[in-house]
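> Sequences listed follow chains A and B, in order.
Under our numbering, the residues of the first sequence are numbered -18 to 454, in order.
Under our numbering, the residues of the second sequence are numbered 23 to 482, in order.
Everything labelled a hint here was simulated from the structure, so no lab data went into it.
Just so we're clear, the structure is a prediction, and the values are computed from it rather than from any experiment.
Backbone N, C-alpha and C fix where the C-beta goes; we use that ideal spot for every residue, glycine too.
Check each hint, because a few of them may be wrong.
[To be verified] List time: in silico DSS-like cross-link candidates among lysine-lysine, alpha-carbon distance up to 30 Å:
hint : chain 1 : residue 1 : chain 2 : residue 2
1    : B       : Lys260    : A       : Lys346
2    : A       : Lys283    : B       : Lys244
3    : B       : Lys338    : A       : Lys87
4    : A       : Lys283    : B       : Lys248
5    : A       : Lys346    : B       : Lys320
6    : B       : Lys248    : A       : Lys346
7    : A       : Lys346    : B       : Lys469
8    : B       : Lys475    : A       : Lys346
9    : A       : Lys283    : B       : Lys263
10   : B       : Lys338    : A       : Lys431
11   : A       : Lys438    : B       : Lys248
12   : A       : Lys431    : B       : Lys244
13   : A       : Lys283    : B       : Lys260
14   : A       : Lys347    : B       : Lys263
15   : A       : Lys196    : B       : Lys338
16   : A       : Lys438    : B       : Lys263
17   : B       : Lys320    : B       : Lys338
18   : B       : Lys475    : A       : Lys438
19   : A       : Lys87     : B       : Lys54
20   : A       : Lys87     : B       : Lys260
21   : A       : Lys347    : B       : Lys260
22   : A       : Lys283    : B       : Lys338
23   : B       : Lys260    : A       : Lys438
24   : A       : Lys347    : B       : Lys248
25   : B       : Lys469    : A       : Lys283
26   : B       : Lys263    : A       : Lys87
27   : B       : Lys320    : A       : Lys283
28   : A       : Lys347    : A       : Lys87
29   : A       : Lys438    : B       : Lys320
30   : B       : Lys260    : B       : Lys475
31   : B       : Lys475    : A       : Lys431
32   : A       : Lys87     : B       : Lys469
33   : A       : Lys346    : B       : Lys263
[As the list claims (entries may be wrong)] If the Cβ cut is set under 10 Å, some of the chain A residues that face chain B in the computed set are:
hint : residue
34   : Arg85
35   : Gly132
36   : Leu134
37   : Thr221
38   : Phe225
39   : Ser237
40   : Leu287
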Amino acid sequence: MSSHYEAPIREPLVIGEKSYHDISVDVGAPVLGKANKSWWIVFTISLIAFLWGLGCIIYTVSTGIGVWGLNKTIGWAWDITNFVWWVGIGHAGTLISAVLLLFRQKWRMAVNRSAEAMTIFAVVQAGLFPIIHMGRPWLAYWVLPIPNQFGSLWVNFNSPLLWDVFAISTYLSVSLVFWWTGLLPDFAMIRDRTTSPFQKKIYGILSFGWSGRVKDWQRFEEVSLVLAGLATPLVLSVHTIVSFDFATSVVPGWHSTIYPPYFVAGAIFSGFAMVQTLLIVMRKVSNLENYITVLHIEYMNKVILLTGGIVTVAYLIEYFIGWYSGVPYENYTYLSFGAATGPYWWAFWALIICNLIVPLTLWVKKLRRNILWTFIVAFIINIGMWFERFDIIVIDLSKDRLTSSWTMFEPTFVDIGTFIGTIGFFFVLFLLYARTFPVIAQAEVKTILKSSGEQFKRLRAEHGDDHHHHVEV
Amino acid sequence: MYTLPRSLKLFSIILVILGVLGIAYGFLTTPKTVEEVKEIMAAEASHGEGHDETHAAEGHDGSHESNFVDTARGEEGYAERAIAHEKEAHEEAHGISHEEHVLHQLQTRPWSATFVAAFFFMMIALGALVFYAIQYASSAGWSPVLYRVIEGVTTYLLPGSIIVFLIVVFAGTHFYPWQDHELVAEDKILQAKSGYLNFPFFLVRAIIYILGWNLYRHFSRKNSLKLAETNDIAYHQKNFKFSVFFLVFFLATEATMAWDWFMSMTPHWYSTLFAWYIFATMFVSAITVISLTTIYLKSKGLLPFVSDRHLHDLAKFMFAFSIFWTYLWFGQFMLIWYANIPEEVTYFILRIQQYNVLFFGMLILNFVFPILMLMNSDYKRIPWFVVMAGVVILVGHYIDVFLLVMPSTVGHNWHFGIPEIAAILFFLGLFIFIVGTGLSRVSLQPKNDPYIKESENYHF
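Only chain A is shown next, with the shape it has when bound in the complex (with noise of 0.2 Å):
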């Protein structure tokens, strides 16, 4: 894929005098080893959270979507809220494995597993609002068009929602496809170093007898490049066909063209904030700081700033628009100056600041390398993604057209409750994926050692571009 030649202005990706040795030792290391006390910790409360958030949708679809705190104005809110968060969240990691592939980004190597996993918990976080906010999730089937006894009586393809089906569970499959196929080499390395027999029986399920030959890392790169230019315009479709739930219909604010690429853009910038989030606690509890290094973080720091350049730049458009537009109902739309000053300023002012004000911070080169503030500012991202999905239906939804349908939402313990059970399972989840999987593609890494390793950096800048080194590696 990529030369060995490497310009010595670039910073290395691999820090340390790393051989392809200690990258399988590392990479390893969590998986082969044991659990710690703060793991349980951790484990036990998203455990908690989920079990609680699952009670809560137990308790939705035994009783009635009426214990949410939906009204008959305001039909949708936390759950579609929530989905298109979640599916947003879910993004990242294709962009990550896939667009970074096709722009042969060396970076993504120490990032794309995790991203990936993060998207497929993601997008099961996302998979469950579809069903659970339906009157009759029983009858959910009934969106799929299967010849059936009514006659066969089918769906109606005009409907964005059941564009919605398709896209969700064709993104989740060819994620989970994508994400196992990288993870063959890696389950090897692991079913090769274990001396556990139970752990090489598992690994040897999981890898399917991977053995590493050339045609088949031949064929392993030509399907990766294949998905890579698959899932792309996938990963611009789901979400641009989740934006159609919105900008399809005539609700003064939700009815809007830039919706496909801005949502897009949204989802990138929330995704990244999500994998900054998880990589900055996970290099340092699983001692991967020499392959997710202050440069991984930089970078993509910077696609935070892109993404939130576009997205900033979609705001002013919308509320441009909105004006210029010349018609009053815009005027209470999420992005207008009604809702900066209506009932609902604090959310609109919540979308501003986290997302607008406080990622321009990063424009600065020390707080971009500085870790803790990215963690700061990635958190802040997550929490004013979530309101600009809340503002665009709760708000939208609160003013339309006639007045004496307005009205205001306030969300139930139910609705809460369901949330933070599905943080709680998508933690469960990752957790479980951190000790359990190689979260580094370290077949991958090892690709990019002698590029862009440190050391093999700084032997070639001793001893020349050309001059022959032999290091055990």
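Add chain B to chain A, keeping to what the hints say.
Just chain B now, kept in the frame of chain A:
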């Protein structure tokens, strides 16, 4: 060193002269009075064939126009009312007869024809500049060998943007109905927009755009040449910074530029995606021209350090951004079609009914063709193949700009005749001449760029 061959120079000069003559012919032959328009219309009616069918079918009452939305929705009268209202607002309510309306459109035609071609070539230079800035800002390792070529293409930005500037400033009510004070006095919607759509502010904005773009082009080129001369990395770092700030500036000004110069041609209509849609057209055309220029120079043996892998990458960008353009085209079209809000759909109804073949044909040129041609990775390394795809893409995006302007300014009185062809010839000649001269000023091999060695040794 490249020198613009004498034959090509002569060719471009001939194009410019032919173009000037044709453009002048276009301006001189527009009807001056309503009487002349009546004669033309009578003559057209007696033909009653070919191109005139559309005119006849749709007639004066707009009955045909209404059908599209109504039949699509299976409802009667919904779009009809909107169109009728629109028509009234434009004609009867302002006391303008149909003939006067046609007269105005016919007089606008040479303006529009010139503007479409002027903007088309200007946006290629501007898009190339954006591509250039992105290469710097992203520390690209593959593209530095192309920097001189891209800089050559952006040479056209200064003259091109000045011409476009002059056209939009002097076009007045030919393009921008909101500059007509009588019309605004009767139109509440336009009055509400006058805070943005007023001439002094419009002028100031246009000055800011072309100043900002050209300053970046000037200084980035200067630094790039200084770097080659002095091997002082500070020039590279400066360019990196300039590029980042230019991209921010561009992201903002591109949106307002699109609203100012194109969206305000139909000042009642609005679409939030519009600006980014124009960007997609600009960007894909620019990358295509960069590829074509590279292939041309390489065929002359002037770019030995550019390999077919670089060409492959350029072709991939042509492929990807053709799809990206289609994505935005579809996003905008589908959402407006789906929601079918009367004040928005008129934009597409006009285009579908009066420009049907162009409107959908453009999709074949801009999407179907590139996606089929450039999918195969071997083909992307074959120069003549990329040239073929590139020409199709450029024709397609010319049509795209044509469709941005014509339906909004000349309506159904559009033709593709001497003024349009002449404008293309003029600006093509100018483009070849200026870009050719720009390329011949310095060596085509960029030196001392920190990534140049990576770029020269580039494999994948």
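> Evaluate each hint against the coordinates.
Going through the hints against the structure:
For the proposed pair Lys260 of chain B and Lys346 of chain A, the alpha carbon gap of about 15 Å is at most 30 Å, so the pair holds. Between Lys283 of chain A and Lys244 of chain B the alpha-carbon distance is near 27 Å, which keeps this suggested pair within the 30 Å criterion. Proximity of Lys338 of chain B to Lys87 of chain A is assessed by CA-CA distance (about 19 Å); at most 30 Å being required, the pair is judged to hold. In summary, the hint linking Lys283 of chain A to Lys248 of chain B is supported, as the alpha carbons are separated by about 28 Å, within the 30 Å threshold.
Distance check on the hinted pair: Lys346 of chain A and Lys320 of chain B sit about 40 Å apart at the alpha-carbon level, beyond 30 Å; violated. Distance hint between Lys248 of chain B and Lys346 of chain A is fulfilled; the C-alpha atoms sit about 26 Å from each other, no more than 30 Å. The straight-line distance between the Cα atoms of Lys346 of chain A and Lys469 of chain B is roughly 28 Å, inside the 30 Å bound, and the hint therefore holds. Straight-line distance between C-alpha atoms of Lys475 of chain B and Lys346 of chain A comes to about 27 Å, which keeps the hinted pair within the 30 Å bound.
For the hint linking Lys283 of chain A to Lys263 of chain B, the alpha-carbon distance of about 14 Å falls within 30 Å, and the restraint holds. The hinted pair formed by Lys338 of chain B and Lys431 of chain A meets the criterion: a straight-line CA distance of about 28 Å does not exceed 30 Å. Restraint check for Lys438 of chain A and Lys248 of chain B: the C-alpha separation of about 28 Å stays at or below 30 Å, so the hint holds. At most 30 Å may separate the alpha-carbon atoms for a hinted pair to count; Lys431 of chain A and Lys244 of chain B exceed this at roughly 36 Å.
About 18 Å separates the Cα atoms of Lys283 of chain A and Lys260 of chain B, which keeps this hinted pair within 30 Å; it holds. In summary, the hint linking Lys347 of chain A to Lys263 of chain B is supported, as the alpha carbons are separated by about 16 Å, within the 30 Å threshold. Proposed proximity of Lys196 of chain A and Lys338 of chain B is supported: the alpha carbons are some 26 Å apart, at most 30 Å. Distance restraint check for Lys438 of chain A and Lys263 of chain B: the Cα-Cα separation of roughly 26 Å lies within the 30 Å cut-off, and the hinted pair is therefore satisfied.
With a CA separation close to 18 Å, the supplied pair Lys320 of chain B and Lys338 of chain B stays within the 30 Å bound. This hinted pair checks out: Lys475 of chain B and Lys438 of chain A have alpha carbons roughly 15 Å apart, not beyond 30 Å. A C-alpha spacing of about 64 Å is found between Lys87 of chain A and Lys54 of chain B, which places the hinted pair above 30 Å, so the restraint is violated. For the suggested pair Lys87 of chain A and Lys260 of chain B, the alpha carbons sit about 25 Å apart, so the restraint of at most 30 Å is met.
The suggested pairing of Lys347 of chain A with Lys260 of chain B holds, with an alpha-carbon distance near 18 Å, which does not exceed 30 Å. Between Lys283 of chain A and Lys338 of chain B, the direct Cα distance comes to roughly 24 Å. Compliance with the 30 Å bound is thereby established for this hinted pair. The straight-line distance between the Cα atoms of Lys260 of chain B and Lys438 of chain A is roughly 25 Å, inside the 30 Å bound, and the hint therefore holds. Only pairs whose Cα atoms come within 30 Å are accepted, and Lys347 of chain A paired with Lys248 of chain B is accepted, the gap being roughly 29 Å.
Straight-line distance between C-alpha atoms of Lys469 of chain B and Lys283 of chain A comes to about 28 Å, which keeps the hinted pair within the 30 Å bound. Between Lys263 of chain B and Lys87 of chain A, the direct Cα distance comes to roughly 23 Å. Compliance with the 30 Å bound is thereby established for this hinted pair. Proposed proximity of Lys320 of chain B and Lys283 of chain A is contradicted: the alpha carbons are some 35 Å apart, above 30 Å. Restraint check for Lys347 of chain A and Lys87 of chain A: the C-alpha separation of about 23 Å stays at or below 30 Å, so the hint holds.
The suggested pairing of Lys438 of chain A with Lys320 of chain B is violated, with an alpha-carbon distance near 33 Å, which exceeds 30 Å. Proximity of Lys260 of chain B to Lys475 of chain B is assessed by CA-CA distance (about 20 Å); at most 30 Å being required, the pair is judged to hold. With a C-alpha separation of about 17 Å, the suggested pairing of Lys475 of chain B with Lys431 of chain A holds against the 30 Å cut-off. For the given pair, Lys87 of chain A sits about 25 Å from Lys469 of chain B by alpha-carbon distance, which is consistent with the 30 Å threshold.
For the hint pairing Lys346 of chain A with Lys263 of chain B, the CA-to-CA distance comes to about 12 Å; that is within 30 Å, so the pair holds. Taking 10 Å as the C-beta contact cut-off toward chain B, the hint placing Arg85 of chain A at the interface holds, the least distance being around 7 Å. Given the 10 Å rule on beta carbons, the hint for Gly132 of chain A is violated: about 22 Å separates it from the nearest Cβ of chain B. Annotation: Leu134 of chain A was flagged as interfacial toward chain B, and the flag is violated, the nearest CB pair being 21 Å apart, outside 10 Å.
At a threshold of 10 Å, the smallest CB-CB gap from Thr221 of chain A to chain B is about 7 Å, leaving the interface hint in force. A least Cβ separation of about 7 Å between Phe225 of chain A and chain B falls short of the 10 Å threshold, and the interface hint therefore holds. About 5 Å separates the beta-carbon of Ser237 of chain A from the nearest beta-carbon of chain B, less than 10 Å, and the hint is met. Checking Leu287 of chain A against chain B: minimum C-beta separation of about 9 Å stays under 10 Å; hint holds.
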